[in-house]
Amino acid sequence: MTTKRKYRIAQYLTDCFWRRWMREYIPSLTERRKWLHGQKNLNVGDIVIVIEPDTPRGEWPIARVIKVFSGPDGVVRSAIVHLRSATKTSELHRPAVKLCLLESWDKDGAEQPGLNWGHFDLQSNALPLSYTPFFS
Numbered sequence: 254m255t256t257k258r259k260y261r262i263a264q265y266l267t268d269c270f271w272r273r274w275m276r277e278y279i280p281s282l283t284e285r286r287k288w289l290h291g292q293k294n295l296n297v298g299d300i301v302i303v304i305e306p307d308t309p310r311g312e313w314p315i316a317r318v319i320k321v322f323s324g325p326d327g328v329v330r331s332a333i334v335h336l337r338s339a340t341k342t343s344e345l346h347r348p349a350v351k352l353c354l355l356e357s358w359d360k361d362g363a364e365q366p367g368l369n370w371g372h373f374d375l376q377s378n379a380l381p382l383s384y385t386p387f388f389s
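Using the working numbering, count along the sequence shown one by one with no gaps and you end on 389.
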């Protein structure tokens, strides 16, 4: 098998994984249950993934919520998030459905139950993640 053929196979498998990940895993992170179950609102200080389908795979930015906008019913409808990269910082205004909550902090700064960083959680079949602080 030639190197070019091996490259094409690897590229094909990567594309298949990415399409499946976008179709199956990402919607599960933003799952909405309407009125059947209470849904946690975004709060200032929460860490989120900004969902941008047009961005190349693996490059969705991670941001911190700095301001939230609630509807008349008290449910957060949109938020302003703070992005920081190696070269610049910026603030974006995004609807809540395009923000995927990763971490939640209470008013005292203690981490709320959510993702369990650094190990594989067998009960939830979550992928192992390594924690890298993006914000200080």
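I should point out that these hints are in silico values taken from the structure, not numbers from a laboratory.
Here the structure is a predicted model, which is why all the values come from computation and not from measurement.
Treat each hint with caution, since some may be false.
Here are the simulated DSSO-like pairs of lysine-lysine, each with C-alpha atoms no more than 27 Å apart in a straight line [what the hints assert, rightly or not]: (1) 341 to 351; (2) 293 to 341; (3) 320 to 351; (4) 293 to 257; (5) 320 to 341.
Distance ranges between label pairs, derived from CB positions [unchecked claim]: (6) 333 to 267: 31 to 39 Å; (7) 338 to 270: 23 to 31 Å; (8) 307 to 270: 16 to 24 Å; (9) 313 to 258: 15 to 23 Å; (10) 258 to 345: 39 to 47 Å; (11) 323 to 264: 42 to 50 Å; (12) 324 to 257: 33 to 41 Å; (13) 257 to 280: 29 to 37 Å; (14) 338 to 255: 21 to 29 Å; (15) 311 to 258: 18 to 26 Å; (16) 296 to 257: 45 to 53 Å; (17) 338 to 306: 15 to 23 Å.
Virtual Cβ for every residue (Gly too), placed ideally from N, Cα, C.
Quiz item: Honestly, do residue 338 and residue 270 meet the 23 to 31 Å range at C-beta?
Solution: Since residue 338 and residue 270 have Cβ atoms about 25 Å apart, the given range 23 to 31 Å holds.
Quiz item: Given the proposed pairing of residue 293 with residue 341, does the C-alpha separation stay at or below 27 Å?
Solution: violated, 30 Å
Quiz prompt | Consistency of beta-carbon spacing, residue 258 to residue 311, with hint 18 to 26 Å | solution = holds, 24 Å
Self-check item: residue 341 paired with residue 351 [C-alpha distance capped at 27 Å]
Solution: holds, 22 Å
Quiz prompt | Distance restraint evaluation - residue 307, residue 270, Cβ atoms, bounds 16 to 24 Å | solution = Since residue 307 and residue 270 have Cβ atoms about 19 Å apart, the given range 16 to 24 Å holds.
Quiz item: Does residue 341 lie within 27 Å of residue 320 when you go C-alpha to C-alpha?
Solution: holds, 20 Å
Quiz item: residue 338 and residue 255, beta-carbon distance inside 21 to 29 Å?
Solution: At roughly 38 Å between Cβ atoms, residue 255 and residue 338 fall outside 21 to 29 Å, so the hint is violated.
Practice problem: Using the beta carbons of residue 323 and residue 264, state whether their distance is inside 42 to 50 Å or not. | Solution: holds, 44 Å
Quiz prompt | Given pair status - residue 351, residue 320, alpha carbons within 27 Å | solution = Roughly 15 Å separates the two Cα atoms, so the pair holds.
Quiz item: Are residue 333 and residue 267 spaced within 31 to 39 Å by their CB atoms?
Solution: Cβ of residue 333 to Cβ of residue 267: about 34 Å, so the range 31 to 39 Å holds.
Quiz prompt | Range hint 15 to 23 Å (beta carbons of residue 338 and residue 306) holds or violated | solution = At roughly 20 Å between Cβ atoms, residue 306 and residue 338 fall inside 15 to 23 Å, so the hint holds.
Quiz item: Given a hinted range of 39 to 47 Å, is it respected by the beta-carbon distance of residue 258 and residue 345?
Solution: 41 Å Cβ-Cβ, so the 39 to 47 Å window holds.
Hints 2, 4, 9, 12, 14 from the earlier list are contradicted by this structure; the remaining hints agree with it.
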